[in-house]
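Kindly produce the complete structure, drawing on both the sequences and the hints.
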Amino acid sequence: MTTTIPPDATGDIYRQLRGDEIRVAEDFVELIDYLSRIEAGISRGDWFYTRSKLPDLIRAADNLREVLSTSDGTEFEAPDARPPFVMVAIRQWAQRYRLGRAIWHPTRRPLRHVPEPDQG
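When we follow our numbering, the leftmost residue of the sequence shown carries the number 976, and every step to the right adds one.
To be clear, the hints were calculated from the coordinates, so they are not data collected in a lab. This one's a predicted model, so the numbers in the text were calculated from it and none came from an experiment. Misleading hints may appear alongside valid ones.
What the hints assert, rightly or not - Distance ranges between label pairs, derived from CB positions: (1) R1076 <-> Q991: 19 to 27 Å; (2) R1073 <-> A1036: 29 to 37 Å; (3) R990 <-> S1044: 21 to 29 Å; (4) S1046 <-> R1019: 37 to 45 Å; (5) L1039 <-> P1059: 16 to 24 Å.
Note that CB positions come from ideal geometry on N, CA and C, so glycine has one too.
As structure tokens, then:
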């Protein structure tokens, strides 16, 4: 697998993505969309609206599961995707949604995994 420098977060990422990368990013952002709608419903106390968005959330999760599965849907299959490119797309596209902005604030650098200190 060739390692490629991830695209600039301010550039046009869509034209740089391949098929599975687009699908993973779009499906994940769809989850953020519906989670944002559910959060809005809860914060307003609109329980009917909140409940009405749950089937959409489940469908969005099923779409992501489908792209990560064999064609018959029974087993895991890794997508042909470059994680840095997928994450740039997710960060860009998620900015339209309240939870996306909370997770990847446009003026804050994304969180990175920090290893636990040695306990020795």
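Checklist entry - Which hints, by number, does the structure contradict? => result 2
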